[in-house]
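Under my numbering, the first residue of the sequence shown is numbered 1267, with each subsequent residue one higher.
Simulated from the structure, these hints should not be mistaken for lab results.
The structure displayed is predicted, hence computed values, not measured ones.
Note that CB positions come from ideal geometry on N, CA and C, so glycine has one too.
Misleading hints may appear alongside valid ones.
Claimed, not checked - Using C-beta positions, here's what the derived DEER-type ranges look like:
# : residue 1 : residue 2 : range
1 : 1326      : 1458      : 53 to 63 angstroms
2 : 1704      : 1405      : 41 to 51 angstroms
3 : 1759      : 1408      : 37 to 47 angstroms
4 : 1611      : 1456      : 28 to 38 angstroms
5 : 1448      : 1560      : 30 to 40 angstroms
Unchecked claim - Quick list of in silico lysine-lysine cross-link-like pairs, DSS-like style, CA-CA up to 30 angstroms:
#  : residue 1 : residue 2
6  : 1492      : 1735
7  : 1809      : 1451
8  : 1554      : 1541
9  : 1480      : 1409
10 : 1409      : 1560
11 : 1560      : 1492
12 : 1651      : 1374
13 : 1492      : 1737
14 : 1492      : 1409
15 : 1541      : 1737
16 : 1554      : 1443
17 : 1480      : 1737
18 : 1560      : 1737
19 : 1451      : 1554
20 : 1651      : 1596
21 : 1492      : 1443
22 : 1541      : 1480
23 : 1654      : 1480
24 : 1651      : 1560
25 : 1374      : 1409
26 : 1480      : 1374
27 : 1809      : 1443
28 : 1451      : 1492
29 : 1596      : 1492
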Amino acid sequence: MKLNKFKAMVSAATLMMVASLTSCMADLDKGNIDPTVQAEPDITALYSKCYACLILEGMDGSADFNVDNAGKSTLVRNIYNANVLSTDEGICWWTDGGLEDYGMNTPKPSSDAIRYLYYRLIMDVSYCNHYLELSAAQEDQVKLAEVRFIRAYLYYQLLDLFGDPSFIPAISTEMPKQAHSYNEKFQEDGVYSRAELLALGREFLFNWVVNELKEAEANLMDPQPKTDSDPDYGRVDKAAAWLMLSRVYLNAGTYLNNDGQNNPYWAEALSYAEKVINSGYSLFDDSKMSAEAKANGYKPYDLLFMGDNGSNGSSCEAIFPLLQDGRVTKAWGGSMFFVAAMWDPNMATVIGQDAATTQNTWAGMRCRPQLIEKFTSNPNSFVGKTAKEIRAMGIDDRAIFWGVDHTLSVYPNDGFASGIVTPKWNNNYSNGGTPHDNENVDIDFYLLRVAEAYLNAAEAALHTGDAGKAKTYMDAIRNRAHAATRSSYTLDDILDERAREMYFEGIRRPDLIRYNYFGGVSVSYGWEGKGGNTGYTGAPFEKYLNVYPIPSSEVMANSNLTQIDGYTEIE
């Protein structure tokens, strides 16, 4: 299907692009949404686009902006690249688009991968801005709040990844200004170092995102878990705002003090996490599994990442699922990526099945040995074993790995065989049903889920002196995974638990930064390949690398922008 073109008024370089405001989702085929052609574009199409742009690249496999491969433009794929490949979790051997720079912690302003990430975020903000400014949108305050939430989520990512990006509060033909210039402390005639500008930008965006989330929350739907048969499945409600507020507050030390442990907002992080825990959403555990899924050999954690996750019961945990359906959504950078890039045809699931999609051949993403060490003190014990055999070891349900014909080390980084891999995502149905398509997947991507609230609460509770509460939340996470509980937990235990629970879901980098385990020449925490050093624990790198540079194309096109502290202006 086709919709008319939308000329996005976004960042400086992308002002010159004509982007298709389209999607493969059926709801989007509603008519024109170009503000230069029709003053009041189709409100349903634009509302749907604000959701779809989080996981789809555009229309019928084409991207919303110029890119050599449409799948590379998708938001969840780009967040994965930036927040996983740069850490102790994963690495990719592909040489295209700057992925090697992520893997070696050597990001460059000229990197294609960073440009795709930045453009996708800014372009998606522009879709939200357009919707929020329409007079017709004001008639439905709930949907208006949903789009405000999505825009706040996008700006949270810009804050976390870039620190001081362009800030575009409304559609305009003027060149965007940087976030720091909106901070009330900033003076136009003042003289600032780039480090000071970054601090001003971070402070402004932190406060702005918090305020937007709180204002959106007031008009969002009450929290209520749903399945894919419910008409509101996939729409955000108050629990999404609470979880994002918990995440932002948990990382406040990073954004306000450049020190993740110097955080004045631990209590707020705990409070909002507990609002999620005490809502209608819940961890998906044995008590909620169908007898059929149990008989087929699955554990609760497995069902979160399968083709029928919208209907198998696990969506009780899905606070913000991004919807995929092989019949109507065809995307190379959404849930498809999390299967195709992590599988090859020789692999099998924990019960011995294939990926249930013909797109299981990209074979790029592998696990660094430090991720495997989170599950076992003898990571070599996974080498040579199938996922089914690793499951039979009875260590932890979340240890979904494949070691046959793979080494523990990810070096040499020149092929899929270097490093253990994970079939965590697969398109099978837990009840043995048939997926909707033999190529495109049905797996809804759980962008926000309840487990994060438990982990946030445990960490914040320790910081506020309540070790008993931290244990309660950690035990709940580990009991769901059939992993042994402990008498008490340390902060490092919680960080390790976050890796076990959330690996490859795109949040590891900010976790390591919050613990001061990422950038910094005196940081002792390491992983194989850190800082481009192929040794088992790598080498430290400079702290300025905790944020990514603004793409060179943006800096060259917009004189209002100053490159992020530590980076060459353009490369």
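The hints, checked one at a time:
1. 1326 x 1458: 53 to 63 angstroms: violated, 46 angstroms
2. 1704 x 1405: 41 to 51 angstroms: holds, 42 angstroms
3. 1759 x 1408: 37 to 47 angstroms: holds, 40 angstroms
4. 1611 x 1456: 28 to 38 angstroms: Given a distance of about 59 angstroms, which is not inside 28 to 38 angstroms, the answer is violated.
5. 1448 x 1560: 30 to 40 angstroms: Given a distance of about 53 angstroms, which is not inside 30 to 40 angstroms, the answer is violated.
6. 1492 x 1735: Holds: residue 1492 and residue 1735 sit about 28 angstroms apart, inside 30 angstroms.
7. 1809 x 1451: Roughly 25 angstroms separates the two Cα atoms, so the pair holds.
8. 1554 x 1541: holds, 21 angstroms
9. 1480 x 1409: holds, 15 angstroms
10. 1409 x 1560: Violated. Residue 1409 to residue 1560 sits at ~38 angstroms, over the 30 angstroms cutoff.
11. 1560 x 1492: Holds, at about 21 angstroms.
12. 1651 x 1374: violated, 38 angstroms
13. 1492 x 1737: holds, 29 angstroms
14. 1492 x 1409: holds, 17 angstroms
15. 1541 x 1737: It holds: about 18 angstroms lies between the C-alpha atoms, which stays within 30 angstroms.
16. 1554 x 1443: Distance ~49 angstroms between residue 1554 and residue 1443 Cα, so the pair is violated.
17. 1480 x 1737: holds, 29 angstroms
18. 1560 x 1737: Between residue 1560 and residue 1737 the Cα gap is close to 28 angstroms, so the pair holds against 30 angstroms.
19. 1451 x 1554: violated, 51 angstroms
20. 1651 x 1596: violated, 33 angstroms
21. 1492 x 1443: violated, 40 angstroms
22. 1541 x 1480: Holds - the C-alpha atoms of residue 1480 and residue 1541 are around 13 angstroms apart, at most 30 angstroms.
23. 1654 x 1480: Outside the cut-off at roughly 45 angstroms; violated.
24. 1651 x 1560: Within the cut-off at roughly 23 angstroms; holds.
25. 1374 x 1409: violated, 38 angstroms
26. 1480 x 1374: violated, 35 angstroms
27. 1809 x 1443: holds, 25 angstroms
28. 1451 x 1492: Violated, at roughly 44 angstroms.
29. 1596 x 1492: Measuring from Cα to Cα gives roughly 23 angstroms; hence the hint holds.
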